[in-house]
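S.K.: Listed here are the chains, written in short residue letters.
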Amino acid sequence: MAKDWGTTNAACESYEALLEDYLNGDLSAADGKTVTEHWQSCAGCRAALQNAAASLRLLKVAAPTSDPGHGFARVVMARIREKSAGGANFWQPFVSFGWRFAATATLALGVFVSYNAGWGHWLQPNVTTARPTESVDLFAPEPARVPANGDEVLMMVADNSHAKF
Amino acid sequence: MRDVPKSMAASATALRLPLQVGEKRVDDRELVRLSQNGIEAAFEELVRRHQQRIFGLVAGILHRPDDVEDVAQQVFLKAYLGIKKFDQRAAFSTWLYKIAVNECWDYLRKRKVRPLVYEADLSEEQVSRLDGIVSSDRPPENASTRTETREILDKMLEELPEQDRQLLVLKEIEGFSVQELAEILDLNVNTVKVRLFRARGRIMDTYRRRLNSSANAHATSAAIRKES
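Listed in order, the protein sequences are those of chains A and B.
Be aware that the first sequence starts at 1, since it is given in our numbering, and climbs by one per residue.
Be aware that the second sequence starts at 1001, since it is given in our numbering, and climbs by one per residue.
Please keep in mind that the hints were generated in silico from the structure rather than gathered at the bench.
The beta-carbon is built from N, C-alpha and C at its ideal position, and this holds for glycine as well.
Chain B side only, calculated, beta carbon under 8 Å to chain A, not exhaustive: (1) Val1047; (2) Gln1051; (3) Tyr1080; (4) Glu1172.
Where chain B lies over chain A, by a calculated footprint (3+ residues, C-beta under 8 Å): (5) 17-24; (6) 44-52; (7) 56-64; (8) 69-78.
Go ahead and model the full structure; you've got the sequences and the hints to work with.
M.R.: Take a look at the structure:
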């Protein structure tokens, strides 16, 4: 039949970390003496320490995970290379699109700059001169004109006479 | 050590790096620096040096032997992809262990893995064997007994809360120190000690419960045999 190894959490809270150190042999001589004196006089800590020591023996049964060997490193490196290659393939369409877009944009910019620099004037020489340069008041009376020939003189006389009546 | 131009990185695997000069090994810092310059052979050496501890760490957290290798590979893949950003203020091993812990949490979260609960009784032989180990530090005699005892221990560990199991496995089975555990798990050293000490008590509770339930089962079957 199994022995009674004490009960869980029976140790004094302030001594738990020290008891763990004690169990692992990590205490200085002075601290070790203090802890020993404590557990010898404290039933809860004594039981918890016995319990912990038993767990240490129980866990010794298990061996650590074994080394996976040199093959593992090779598999990892192969996966890394595969991933790097995969990464390049993934971005390739975006890179191609980027280059095509950049080339088109450069061409368009070149056309625009050369048009502004005068190439466009050569294609349409009279565009600027055909446009009115001054603003025109549509409701202002027509300025007096000098008749160009005899017919126009007669027309002006007839207009004036007609306006009087 | 010399600086290796990036143009040489493509032929890195063919490059013969002096990873061991006489008796002295090139340290991790140097290998990290070379890896940051794109030398694959240096990273491969880092994988070789740390693979066993990463396996132990991943196995300790996951407790699923079938998935350990996949997760460990993923850890090194992430380390390779992130090594240029690693500033070497911490040790490479600490940085790598943190990647491993995060990868394990991600894995557990994605898979929603829950600890298995195994409550089958132990045979009388198993009870006396375990009792012998716990009472007198007597290791199992042969390999098959050791394997069987390990399986019983694994099942007991699975009954513990996840954090208790991880701490016990990493400390007592995989050999991580309390300081390492504190760094890896982002805990105070004292907290790790207290949790470990309590986890020891809990595994012994599990152990007692199993022994008692087995003893009761054997007593009942003996009584039934006697009556018949």
